[in-house]
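Visitor: What follows is each chain in one-letter form.
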Amino acid sequence: MNRFLSSKWTKAAVFVLSLVPLGILLWLCWEAYSSSDPTEYVTANPIEYITHYTGDWTIRFICFTLCITPLRMLLNRPQITRFRRMLGLFAFFYGCVHFGVWLLLDPRQNTIPAIWEDIVKRRYITMGMLALLAMLPLAITSTAGWVRRLGFKRWKKIHRLIYLTAIAAVIHYWWLVKSDIRLPLMYAAIVTVLLAYRVIAWMRARNGKPAVDRKPQPTVSAS
Amino acid sequence: MLIRKPADLRYSDVTPKEIYLNRRRFIGAGAATLGALALPSAALATAKINGLVQSGPYHNLGNEKPSPKPTVTSYNNFYEFGTGKEDPSENAPKWKVPAEWTIRIEGEVMQPKTLSLDQVMKLAPPEERIYRLRCVERWSVVVPWIGFSLSTLLKQVQPTGKAKYVAFETYYDSKAMLSPREAGIPFPYVEGLRLDEAMHPLAMLSFGMYGETMPNQNGAPVRIVVPWKYGYKSIKSIARIRFVEKEPPTDWNLYSSHEYGFYSNVNPEVDHPRWSQKIEQRLGGGFLGQGTQMPTVKFNGYGAQVASLYSGMDLVKYH
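Order-wise, the sequence lines are chains A and B. Here the first sequence stands for residues 1 to 223, numbered as in the working numbering. Here the second sequence stands for residues 1001 to 1319, numbered as in the working numbering.
Treat the hints as calculated values from the structure; they're not laboratory data. Errors might be hidden in some of the hints.
As the list claims (entries may be wrong) - If you anchor each label on the Cβ, the simulated ranges turn out as follows:
id : chain 1 : residue 1 : chain 2 : residue 2 : range
1  : B       : GLU1182   : A       : TRP30     : 32 to 38 Å
2  : A       : LEU133    : B       : LYS1278   : 25 to 31 Å
3  : A       : ILE181    : B       : HIS1059   : 41 to 47 Å
4  : B       : ARG1104   : A       : LEU71     : 56 to 62 Å
5  : A       : LEU74     : B       : TYR1255   : 37 to 43 Å
6  : B       : TYR1255   : A       : ARG198    : 57 to 63 Å
7  : A       : PRO113    : B       : ASP1196   : 49 to 55 Å
Claimed, not checked - Footprint (simulated), chain B over chain A, 3 or more residues, beta carbon under 8 Å:
id : segment
8  : 44 to 50
9  : 109 to 119
10 : 128 to 134
Every residue gets a Cβ at the ideal spot worked out from N, C-alpha and C, and that includes glycine.
Please work from the sequences and hints to get the whole structure.
Guide: Written out as structure tokens, the structure is:
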């Protein structure tokens, strides 16, 4: 298991897998472009479809990134951390595509005042911008060089901004749906569990206990 | 005006043309497990409507080309059959329209009436009317509806002096449809118009589109079309009409009154709290709809016909 997790091939595979959603989207767009009936591939409203598709993958990658620490602790496999930066950068990447599609193609007047008005006046867009912007310093300081320059403690502190991104992304989704909140609710639950895990781990660590008991509990013998 | 003999067509007589189209191509299980896509196949069962009148004052006011049919039949807001845009085209065709469909007309009327679908369809010759449909979500389509003025139906009963509004109710079958809890809005779906709006000749009772009977996802077997208002005012699969004295409750207004007003006239000057209504995306204009974003026009471009209904009214307050 450890060999599998440390292998460079595993990392390459995660990279390629992370690109699959983008590949599918490009393929769907190509098929729609060359088909007489694009609704088969990207619905009758391609701009909305692409916006939602990339938004969905952004929030999924945010969740994947947040899974790393709990997984590492629960499985007691520090090697898992190797994938965290890549997943986080993919969250940022899909977030940028999502933002770019909205910026360029969303039905609105394409003037800077109209775009600015959307950002400040529509609270779900404000929240989406907050989620994306909070990831920007994380993407910039994601390299080993920046960890050294900032010092690990400070770097780690800054990278807690991902919690803000996750919360803002869920609120963004929640505020944007019309009435059926089942999907945003699901993401809210996932993010709550992932963040609550950290709070519990932190509280236990403060009380001098490890977050997860490494050794099995001594069992009471039945004799 | 062209006058023709009403088409001798019984809804129950027509042979259903079963069209099973593999509209959604299956994408590998790998993609499905990634949660990216659920691509269903939809079955459409519609029949040709004979004796269609393709002329008259309301045939094509805007001289427009209808949107491609797959656009109109694959992308719907019909929350009873799912809240995703493609859910109704997947789920509604599985629903069997009750054979004994009736419309009940009651409330502030001298004599309440229950009309069968056949009776309703015989009230006037089926006219084709090409109307723009503007959704509150900023997309729009052009639909060749089939039917006649709603007033033709409403005139079948004598409203009392108290009748000021008309309330509409969509058919609701809890076994075949989402629960209000799942959809997030109350069911049965209710809507309403002021009496003069409902009697306006542009307001339409429609039982078909694209030369055929109404696909389930578009509101089979019979619905209302109010082209100068946002789409949700045009109630689908209508089961009950009630003349009332006070402004009736309307579904999206019950859900969120500051977002969705009773009048809901298409109006680029009144923003939805979450987006501007100045621009709309005309669907079906090719991939990415290049060049099909256009300014939204007040009353959806039917101001010449309907603006007088609202003279002196504050349309921001009464949005």
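Visitor: Flag every earlier hint the structure violates by its number, smallest first.
Guide: Failing hints, ascending: 6, 7 and 10.
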